[in-house]
Every structure is written in structure tokens, then in C-alpha cells.
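Asks: Heads up: the sequence shown is residues 28 to 380, going by the working numbering.
Treat the hints with caution; some may be incorrect.
[As the list claims (entries may be wrong)] Quick list of the computed label-pair ranges, beta carbon to beta carbon:
#, residue 1, residue 2, range
1, D181, T32, 46 to 54 angstroms
2, K124, I364, 39 to 47 angstroms
3, T312, E68, 26 to 34 angstroms
4, N122, K294, 28 to 36 angstroms
5, T304, E168, 22 to 30 angstroms
The set of hints was computed from the structure by calculation and includes no laboratory data. Beta carbons: idealized from backbone N, C-alpha and C, even for Gly.
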Amino acid sequence: MTGKTYKRPLQPAPAQLYEKGKFQYASFDGPIPNPNLIDAEQPYKLPLPRLLKWMQLREWQAFQISNGTHFVMVAIYNAKKISLVQFIVYDIVNNKKYRYEKKVAPWSIDVATGLFGTESIYKSKNFTLHAKHDLNANLLELKASIRNQKGLPDVEAKFKGNHDVKRYEPMVVCMPFSEKRAMYSHKCLMPVSGSIQFGKDVIPFPEKISQLIIDDHKGYYPYPTVYDWVTGMGRDAEGKIIGFNCTDNQILDHEKNNENCLWHDGKLSVLPPIRVTRPDGYKGTWFIKDNYGKVDLEFRPVIHTAVDVNLLILRSKYQGPYGFFNGYIKNRDGEKIEIKEMFGMGEDFYLRA
């Protein structure tokens, strides 16, 4: 299929995703005020009360932040059976990772519904994450306060993103795992400013060189759940913001339904389905390619995170390295955008829960 044209038209964004007994499956041209997956009448074979639907609905907000010398991963993650908050700082220059993570009760996390005047929050005596959103004011604020974590430096972090969806076009999707089970995602790359008080040191994130990707996410995921995911971001030679998101998951009809995209200077280019291969294993080079000649990337891991849990009723296998991307992605005009030593991360994910 190399050389053929790939199209995935963006549809007008509706006020909500579930209406009149069905989901509105599409890629959209803007944010969804009410991503109301919880209102699905019967996402499974048997009718479920709202509380049990909530227990099946995985929800999270995740943020990747970079300034060229440091890469930060923040997650407020509520899969109900597994719920956690996470703040990871990776020092790219010195190849050191600082991982702050706390497994928490699902009822202790509040994940926002939509991005208009909402908040996602987890708060305890020694670990607080707080994300505040209002797209009417282009607002994204993210704060972290973490103390007394097993010898790690205390953290006080504040970030402010320019979540202007007219200037920085988001990738917004509602996609089917089945006719009645959906996932929603709003991903957007934007400039960010802020700092991390990291023990006695301060890590600055000036807006001219710093960027953030948000993933606002909800889904009735399959049992088990399997996916590959890669993302990277940075600045091009002219200082313009650039990044990408590529996922290979269990969605139906990947030609029509996927969340793959390139962002460059605020402009969104939708991308075809991709495949991730690892001929030399997880610690070797990963290859990310499509069938249209639009995506050709190599990912070189430099630091690795692995999780392998088998508790009979729960099985989790996770490979999540950080590293550098090289190659190219073609934008919506067919221009080849070179990706050179762009920092990012990858995931190979399996969960049975």
C-alpha cells in the first residue's frame, strides 16, 4: 500500500459521545464537552447498575512533559481493580530515573469527565496530584506535592500548559472495542512552563523549550487488554513544537479507527494504522511502521521498566522503556518530517483483571 493515500476525516465534535442508545464513533475536530461513557445503557451482555459499570470503566489522565534535559511522566490512573498515582522524573543527561508511585483505593481518585471547568485529583498526607482544566480559558494546570518516599527527594512541581485547541490541534477519538463498548481519548501537544523543586534543586521548564502531551482517557477495555504504544516530543531545528502518538490496540477496523497522529507547530496530521516489531527483544531497537509509507521510526531504549505480576485473578505484564526516536513521519501535506534523536517512551502492555 506504500504510495497510496490514507484518509481519516475529522468529524464535527458532538456535545457528548453516548446519545440515543449508541456511541458516536469517529475522529473529531475538537474536544468533547461531555465524554459520557458511563451513560452507556448496556456495554456488556448483561445489564449492569451504574456502580458496576463504573467499576468496569477505566479512566485516567496522563501527562508527558519534557524540556530537553528531563522527561516527566505523571499519571492519575483509575482502572478500579488497579488504581495508582505516578510521578516519574528521568534525567536524560545523567541517565537516572526517579519513580514515585502509590497504589490507592479506586474511590480515593477523582478523574475528570471532560476538560471544561473540571479537575482530576488524588490527595493524601504525603502524595498529592492535582490537574485543573478549562478549555474555555485554554487552561491546563498540573501540580504535585510528594514527600517522604523511601529516600527519594521531596517534590513540589507546578506546570501550566497552553491548552489552546485552536492553536494546538488535539487528536480526539471515540472508537469501538465492540458495537457497545467504546474508548475515548483526547490527546494534545502544547507548550508548557513550570518547574520542579526536586529536593534542594530546581528543574526549570521554560516555555520556549518545554512541551506537554495530555491524554484524557476513558474506556470499557477488553479482557484481557493488549496494546503497543509509542510517543515522543520535542522541538525541530527552528524551535517549533513537534510530537507524535502511535498505538496498536484492540479497536475494531484500524483503517477507520485509530488515534495515530503527528503534531507539528500546532497542526495535526492523522496517521494510518501502525505495527511495532522488536526483533532483538524489548531492550533492542523497536521498529514502528505503517503500510502507506507515512511512518518509519526506530526507537532506541536507554532505560527500562518492567512489571510482571501473576495473582491468578490478575495478570499484568508491562514493558515501558524510555529512549530516543529516529526516522520520519509524513504530515498531512505529504511532507517528510525528520525525527532526529527525539526523546520519548514506549509501552507493551498486557492486563487481565
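Asks: Can you name, in rising order, the numbers of the hints this structure does not satisfy?
Replies: 2, 3 and 5
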